[in-house]
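Listed in order, the protein sequences are those of chains S and H. Residue numbers for the first sequence follow the working numbering, beginning at 1 and rising by one. Residue numbers for the second sequence follow the working numbering, beginning at 1001 and rising by one.
If you're looking for bench data, these hints aren't it; they were derived computationally from the structure. Every residue gets a Cβ at the ideal spot worked out from N, C-alpha and C, and that includes glycine.
Per label pair, the in silico range of CB-to-CB distance:
| # | chain 1 | residue 1 | chain 2 | residue 2 | range |
| --- | --- | --- | --- | --- | --- |
| 1 | H | Val1120 | S | Asp158 | 42 to 52 Å |
| 2 | H | Gly1142 | S | Pro398 | 43 to 53 Å |
| 3 | S | Asp93 | H | Ala1312 | 42 to 52 Å |
| 4 | H | Arg1200 | S | Asn92 | 49 to 59 Å |
| 5 | S | Ala34 | H | Leu1034 | 22 to 32 Å |
| 6 | S | His103 | H | Leu1034 | 36 to 46 Å |
| 7 | H | Val1120 | S | Ser509 | 50 to 60 Å |
| 8 | H | Leu1300 | S | Asp405 | 40 to 50 Å |
| 9 | H | Ala1038 | S | Ala76 | 42 to 52 Å |
Cross-link-like lysine-lysine pairs, in silico, DSS-like; alpha carbons within 30 Å at most:
| # | chain 1 | residue 1 | chain 2 | residue 2 |
| --- | --- | --- | --- | --- |
| 10 | S | Lys386 | S | Lys355 |
| 11 | S | Lys321 | S | Lys355 |
| 12 | H | Lys1215 | H | Lys1133 |
| 13 | S | Lys321 | H | Lys1133 |
| 14 | S | Lys355 | H | Lys1133 |
| 15 | H | Lys1215 | S | Lys386 |
| 16 | H | Lys1215 | S | Lys355 |
| 17 | S | Lys321 | H | Lys1215 |
To be clear about the criterion: a stretch of chain S counts as covered by chain H if any three or more of its residues have a C-beta under 8 Å from a C-beta of chain H, and this derived list gives those stretches:
| # | segment |
| --- | --- |
| 18 | 330-341 |
| 19 | 358-365 |
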Amino acid sequence: MNEQRDPDADNSRADSVTDTPVLVARGIEKRFGATIALSNGCLEVLPGEVHAIVGENGAGKSTLMNILSGSLAPDAGELWIGGTRALFSSVNDAVAAGIGIVHQELAICPDISVAENMFLGRVPTAVGGIKFRTMDAEAQRYLTMFSATCSPRDRAGDLTIGEQQVIEIARAVSSDCRVVIFDEPTSSLSETESAALFALIADLKSRGIACIYISHRLSEVFDHCDRVTVMRDGGWVRTIRTRDTSPTEVVTAMVGQEIAGLYPDKASQVGEVALEVTGLSSAAGVTDVSFAVRTGEILGLSGLVGSGRSELARAVVSVDKRTEGSMRVFGEAFAPTTFHEAVRAGVCYMTEDRKRDGLFLERSILDNSVAAILDRLGGAGFVSEKRARAAAEEFVGPLNIKLADLAQSISDLSGGNQQKVMIAKWLLAQPRVLILDEPTRGIDVGAKYEIHRLLRALADSGLAIVVISSELPEIVGLSDRVLVMREGEAAGLLVGAEVDESSIVALASGAAA
Amino acid sequence: MTNSTPAGSPPRHTTSVKSHLQRLLRMNEAVVFLVVVAVFIALSLLSPHFLTEQNMRTLAIGLAAEGIIVVGMTLALASGGFDLSVGSVMGLAAIITASFYTGGVDIWIAALLGLLVGAVVGSINGWLISRVKINPFITTLGMMTVARGLIYVITDGSSIPVSSAPEAFRALGTGAVFGIPIIVIVFAVIAIAGDLLMRRSAFARKVLYIGSNAKAAALSGIRVPVVQFNVYLIVGVLAAIAGILSLARFGTATPSMGAGAEMRVISAAIIGGASITGGAGTVLGSVLGLLLLSLISNALVLLNVSVNWQSAISGAILIVAVAIDTVSKRRPRRRIAPPHPSSTPPTASSEPAQSPLVR
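Make a model of the complete structure from these sequences and hints.
Structure, rendered in structure tokens:
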């Protein structure tokens, strides 16, 4: 492997590219107060290359990207664009130099037109007002470029997320664009929308535009990127061609130490049936689904976006209304009418959207972790601060939650640690069946690895676990059995050695029928 | 490794005393308390009539009724809502009590019926907000108008005197125990109980969680509709108590009783640190906020400033208080690393090491 300290001297290149680097960053440093966010940010990007950047949260990826895109000024280091030294003092400088960034969160104003969204902040004007015709024509050029079918005058809120992303990209890409940075673009996209995005990236690549691609999904890195730069603790670790390396090797470089396989071992033995669902239908579109999960096993719930995975779980725990079907928990009839009753019966559900409906972002870690057990923290309707603290502390260690103080705000934690607090919240509720919706969405590889091991350990200790995930490798790596959903119905159940990505895709798409 | 303590900073125990002090000062109550104390001292120096027993008593009695309501309003604000109908409910409870009494019903039973009206109005508010899911602004704005309208329907615009009521009832508003007015004692008991419950009870915790993120609260197994219903029920009952005590105090139920109370009470709670978007607020803070507003009104009287200035000044205080709060919270986002390697909580050693930077 080529592992030089200076990425400039790295001769490994994607076959399709032979030019001199379009972007070079060397020894970039950035501090926030006493915290060093970036100590040695190095990057070399070639024209027409798709260059992945991976690293755990806190590795400095976002800081480096913010410096490259002009929204942060570096404390030290050099930045070269196309052979000239660059000094950005604003995002506009970066755009003028040909660097655009597509942010993770789509920032679309839903009630104004596609064209106005694209030119937000730089609407072409003349005396007397906006030059709508010029703007629409320009917008149409981008839409055609990315083969989007919508019109520049459509209301932006009516577009699919994929089409909205075109707006974001159009904003980032100026006419003489040379580098486009994608910051975790697929975390909110469906499989089809992701495919469209990758087609778009391939299109940029074919025009000689370089793409910097940040993702926590290693499968995407290996499928779509030419080279990958690994960062750790604010510094450059290595840059390597994806075809010369392996996921395990990349993760090892990110984490900084050997890891034993990406996924934990499967269940050695499973016990009695913990939750049995028969003929379940719901108002949200689930139709006649039956399944069971046993103690000691992890049941994966897979399917395309909109196939009814989450809806199935939400109907089981009465977040959505059930219209038909019966359920049993450890042999006893289980018919909750509210989520509260489901939790009391020991069937807990962890929501997929951590920020929107999982966390109390203004409250402390302690408050977040005891949210489900307020009634058990003292007698006569009172909450004992001491007991709350003791309860929460019970899980800080075993879950390896990195925090300074339980009283600190939950929003100070990284996504991975926030996710662990959510898991702790449900473990405190002493579940008998734990349903986790996207337990590792948007968190870094190291934290993912820990959560996978944690879930397996919980299953081994006798908990029945259901994991819903849109990431196929996760479902395959983690599940003992996989229930695949399609259009609200159970498309099939895969057991043991049958569990692989192609079988799941075949069932999910209906190709197996 | 990270060092959040800059070189040359004092030893750790001093820092922790300092940080305690900082934490105390960061509490909204502390700031309002200091302002209240400052105004108090200023007034005692400016006017010889301020620090007299008579003035103190007037101040306390004047504060009591709205003080009872502000306890409930704090809860409503903490839940992410508010109740605009409190002033009207206060008036309606007094009118109902007075008209039952003049209709020949025993005053205590009449008062109980007044309380019941508060509970009914509160329940309707609670039901509409928690189950029908109409937003609190529309619901309680409507209820405010409906209740005030009912007052005029019942009274036809005239006051109902209860001066003939038994002395025991009138004593609720005019009597004193050990020199302390009974109405003030009732307020103090409700405020202290309210403050303790707000800080310690599981119910109030749930209210705060709902105010922070109602969806997350529901998905933590908290019965959001039940809690919300109870909040508005409590607010309604407290407003009715305030109305009945005011009836006992003035000896007459006027159709305009409680008019505008909702705005003063909401302003007071917000000055005291409650948030209009929910998830924050303490009874202590709200009561201090109300005390501040009362001191200002008192000052205008004592300093011979036209009372017409009162509402302008109260409004300005509200805006200044919220502005100070907003600006002081607009600090750069802290990136907290463990303060010192040794103070990192023990973690399972078998897990892979992670970056020391906790983002």
